[in-house]
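Taken in order, these protein sequences are the chains called A and B.
The first sequence begins at 49 in the working numbering and counts up by one.
The second sequence begins at 6 in the working numbering and counts up by one.
Incorrect hints may have been included.
Unchecked claim - Keeping only pairs whose Cα atoms sit at most 30 Å apart, straight-line, the calculated BS3-like set for lysine-lysine is:
#  : chain 1 : residue 1 : chain 2 : residue 2
1  : A       : Lys82     : B       : Lys274
2  : B       : Lys388    : A       : Lys82
3  : A       : Lys318    : B       : Lys72
4  : A       : Lys82     : A       : Lys128
5  : B       : Lys118    : A       : Lys77
6  : B       : Lys108    : A       : Lys77
7  : B       : Lys145    : A       : Lys77
8  : B       : Lys108    : A       : Lys114
9  : A       : Lys114    : A       : Lys65
10 : B       : Lys328    : B       : Lys274
Stated by the list, open to error - Anything over 10 Å on all C-beta distances counts as not near chain A; from chain B, calculated:
#  : residue
11 : Ile119
12 : Ser127
13 : Glu164
14 : Lys288
15 : Ser292
16 : His372
Unchecked claim - Some, not all, of what chain A presents toward chain B, calculated at C-beta under 8 Å:
#  : residue
17 : Gly78
18 : Lys82
19 : Ser89
20 : Asn92
21 : Asn102
22 : Pro254
23 : Thr284
24 : Arg305
FYI, nobody ran anything at the bench for these hints, they're computed from the structure.
Note that beta-carbon positions come from the ideal geometry of N, C-alpha and C, so glycine has one too.
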Amino acid sequence: MVTANYNEKGEHFHLNKLETGTLMDFTYKGAKMKGVLVSRSEGNLNIKLLSGYNLLVPVNSISDIKAVETIAQHEGTEEKNLILEQGPKKVAFIGTGGTIASRVDYITGAVKPVLNPGFLRESVSNLSKFTLDISLLEAVLSENITPEDWILFARTVKDKLSKNQGAVILHGTDTMSYTASALSFMFQSLSGPLVLIGSQRSSDRPSSDAFLNLEAGLEFASSNFGEVGIAMHQNTSDNAVALHRGVRARKMHSSRRDAFRTIGGHPMGKYENGSVTISPDARALSDETVLLDKLETSVALVYFHPGLTADDFAAITERKRATVIMGTGLGHTGTRLYSVIKGIVERGDHVLMTTQCLFGGVNMNVYSTGRELLKLGVTPLSNMLPEVAMIKAMHVLANYPEEEFSKIMHSNLRGEIVDREFLWEAK
Amino acid sequence: MGSKVMVGLEIHIQLGGKKLFCNCETESATETGNVIERRLIATTGESGKYDPAAVYEKSRARSFRYKVTDNSCLLEADEEPPHSVNPDVLRKAVSMALTLNCKVVDRVAYMRKIVIDGSNTSGFQRTAIIGFNGHVETSKGRVGISSLCLEEDSCRKLEEHNGIVTYSLDRLGVPLMEIATDPDIVDEEHAVETAEIIGKKVLLAGWARKAPDAIRQDVNFSMGHGRVEIKGVPKLSTIKAAIAYEKERQSWLSELSPKLKGTNWGRLKFQDVSQLFRNTKSKVIASNLQAGMSVFGTVLPGLAGYLKGEKYRMGRELADVAKLFGSGGIMHSDELPGYGVEGEIKELVELLKPGKGDGFTIIVSTHKVIGLIEDAMKARLQKLEKLELPETRVVSEEGTTHYLRPLPGGERMYPETDVPSITVDDTMLEEARRISPRSEEELVEHLVSEFGISKQDASVILSGGQMEAFQNYNLLIGDSKLATRVILQVIPEMERKTGRVISSTELIPILEEAGRRRWDRQILERAMDLYFLGKMTIGDLIRSDELKPIGGNELKSMIITLDKEEPVNPKNIIPRIRSRTSRPFSPTEALALVKEMSG
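Sequences are here, hints too, so could you generate the full structure?
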């Protein structure tokens with residue numbers, strides 16, 4: 049078939065030259081159609097028909113193309129730094145990426161960050177109470193976040209807290225609890241609440257949990273406590289947001305809105321029916337924000353399992369200043385690791401024990417395995433969560449004298465150890 | 006005036022089996038007792054603009070409750086991404102596209118269609134074009150099929166109260182084939198004929214769900230003043246009534262519109278007139294005032310005589326708006342005195358001061374929403390004055406149509422990034438052709454020769470859309486005659502006795518047992534009774550003595566006992582055994598025994 053393709057000036061053109069954003073008449077399988085070329089990928093053209101449907105067609109399957117006009121593409125406006133003045137409460141608003149700050153990029157189909165004042169005004173119902181000091185850091189998918197990013201976030205927060213009563217960080221949920229733990233340890237004291245907010249449904253969806261989480265996050269950030277918390281849906285309904293203590297929070301579901309849980313205790317706050325309640329055991333605000341921004345990243349986190357060999361364990365822990373083991377049950381590993389553990393301790397590095405059960409703590413006096421491991425020099429970390437223990441070790445190694453390491457690991461710096469666990473736990 | 010009437014249909018057919026994007030059954034929907042509460046926020050489409058229907062819904066600020074059913078999972082709760090497309094229904098959709106002479110797309114690309122009336126927990130409906138550019142032949146010429154889409158059905162609405170809408174999750178995600186025709190339909194009879202032709206093709210395939218609302222139609226209507234989409238027409242007879250109603254409505258509107266030119270709609274301004282109704286005889290108003298609502302009144306500029314006259318029905322147009330904001334409707338000057346409102350009218354007129362040609366109306370509502378109603382009424386009057394009629398309407402059972410919302414635009418669609426596109430390859434086309442519904446004659450012939458059932462039974466099975474059910478039941482029971490009986494007699498009988506529709510999902514466990522235990526007709530029928538009416542579980546059933554057939558010596562001694570009480574004969578023996586036991590027995594055997602005894 050001879051196909052004649054014309055641009056809007058009536059000139060012949062080659063299909064490959066067809067630009068995205070072109071509104072065109074064309075024929076597909078004998079039917080005359082009209083639509084805008086949205087994108088091209090892997091030999092397909094993605095054409096948005098006037099009905100709104102996208103048609104995905106192999107490049108060579110359309111013919112008789114006549115370009116009608118080129119439609120300007122919509123660009124999401126985004127400014128890196130601005131003050132969005134709406135009301136009296138001043139809150140720093142720090143974007144780092146993640147689903148909450150994302151919208152679908154219709155060109156590539158990928159999720160890209162878009163945060164603009166218009167969007168916030170339209171969708172966050174209590175915005176009129178706040179003045180947002182917005183700074184958008186370079187957007188990172190949360191799985192790409194590294195300890196270097198934690199330091200950048202912490203320094204930004206310190207700067208912003210000097211001018212605002214509290215701060216929120218918009219963060220991807222995948223590693224949000226790691227960042228929350230890191231910030232918890234790095235800030236010795238806080239002059240305002242520091243609240244991490246995420247969402248499990250991106251904000252281009254009408255059902256996104258971002259809207260309520262943002263609403264609640266701003267309320268938490270302007271309330272009265274001096275800790276790092278995570279604000280996410282308390283349950284599947286859009287009626288309550290829980291504030292989880294940074295060092296006790298964990299993402300416990302891959303997709304649900306209420307994925308985050310406070311492990312081994314109650315959330316430290318709640319937002320419901322427009323008002324905030326904060327638990328009396330939350331730390332008080334300080335006059336000053338004190339940041340210790342050094343981290344020793346040479347720390348390993350090892351999940352013990354029946355297939356883990358001594359060689360693998362040795363390879364992972366080689367040259368690490370500290371190794372956190374996620375042991376079985378009350379804090380055990382197979383005897384095959386003993387010699388490697390012994391070696392680590394003898395060379396002056398640390399082996400720390402947590403439980404892969406996540407709920408409950410280690411107690412290494414109950415079984416002989418535990419007692420053997422203690423004899424080898426393993427430090428049990430009570431009910432500290434494994435990731436939290438790893439991050440705490442990074443913090444302690446970098447900021448405290450070596451001889452105090454074990455003592456500080458054992459002490460409850462930020463509420464990372466739950467001293468009383470109860471039979472029934474509130475959601 | 007006098008523009009040609011153009012009608013197109015959108016026929017929605019639910020497919021049975023598993024849902025479109027998860028492993029939940031389309032049937033069986035018991036409420037679990039859990040309720041989810043959600044809100045939806047309008048978001049912009051890929052061009053960055055808001056969809057008009059979404060903006061309108063946003064103004065209503067409703068919230069939503071969802072009752073969780075056992076045929077829903079995290080997906081229906083909008084708590085996980087969609088699984089891959091159900092290959093079985095995709096094949097059926099491709100097959101139906103071919104049957105309707107459509108071209109099939111090379112790649113199936115799912116879209117999100119923003120719908121924020123709460124009927125989808127996600128705030129959008131997943132939909133994809135499967136076929137396009139097809140046609141069916143009718144007595145009034147060829148009707149084009151513009152598209153066949155395979156989409157998710159929405160939630161079933163249960164109730165709406167004070168801005169809170171309650172839905173059930175049972176229907177959400179049920180595969181829905183949407184067949185849209187070109188506006189080639191010339192009148193209401195033609196619309197019915199076209200719907201029948203298309204419906205029959207699906208029915209013959211036997212893929213539709215067996216449920217009262219398994220097939221629903223939308224009617225697209227225009228006569229020169231823009232497209233009106235009439236939603237949710239359940240019955241073919243209603244299609245006719247709805248088209249006739251809409252034709253009449255647009256005719257009088259086009260006649261009235263010049264008379265309304267230049268009216269100052271700004272004078273429509275509601276004020277609280279509750280104090281006039283303190284001693285009202287209107288029961289509706291009295292009870293609403295008691296419930297804390299207020300009565301509001303306004304002048305309706307230039308509308309006297311047009312609200313409810315010989316021809317004109319502007320009252321209905323305004324009542325539709327009021328109802329969308331939770332009000333029961335309006336009471337206006339063309340119908341007052343009435344509804345128990347009489348004594349108040351004089352004072353009302355003094356207060357509202359309608360001028361010459363002005364009408365007036367009262368409405369029961371709240372201070373919170375009356376402003377929204379006022380704005381919506383003014384906007385509506387402006388549109389009607391300019392004869393801008395495109396909108397989405399909904400049909401009542403009587404076939405009257407009512408304003409629902411603005412027509413959504415292309416703005417509301419954007420790609421479903423969680424579902425990768427699917428290539429329709431030769432294998433899929435081949436499979437689709439293999440299962441494609443054949444003509445009625447061919448199918449009857451097939452059933453007769455393949456399964457040895459009568460031609461008449463075959464026809465009844467086909468016209469009831471039971472082809473697939475028959476094949477499934479036959480496979481389970483391993484007896485085509487019994488499967489026929491189950492479909493044509495046993496199920497209708499059970500449905501009559503229980504007063505409800507019995508789904509094929511409910512039948513599967515009991516038919517599986519029937520096949521495994523080689524139950525005959527009597528045992529199966531007795532088992533059905535115990536299962537559906539006696540509410541016995543399958544486990545209880547198979548252990549029950551009730552299902553043990555009575556025969557041989559046991560039957561013989563029963564007949565001897567009966568004979569001693571009163572002599573038995575071939576005429577009375579069957580009912581007499583039945584009165585003595587509910588266990589199954591073979592009438593042939595009983596008759597033989599009687600014969601043997603008398604012989």
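Ascending list of hint numbers which this structure does not respect: 1, 4, 11, 12, 18, 19
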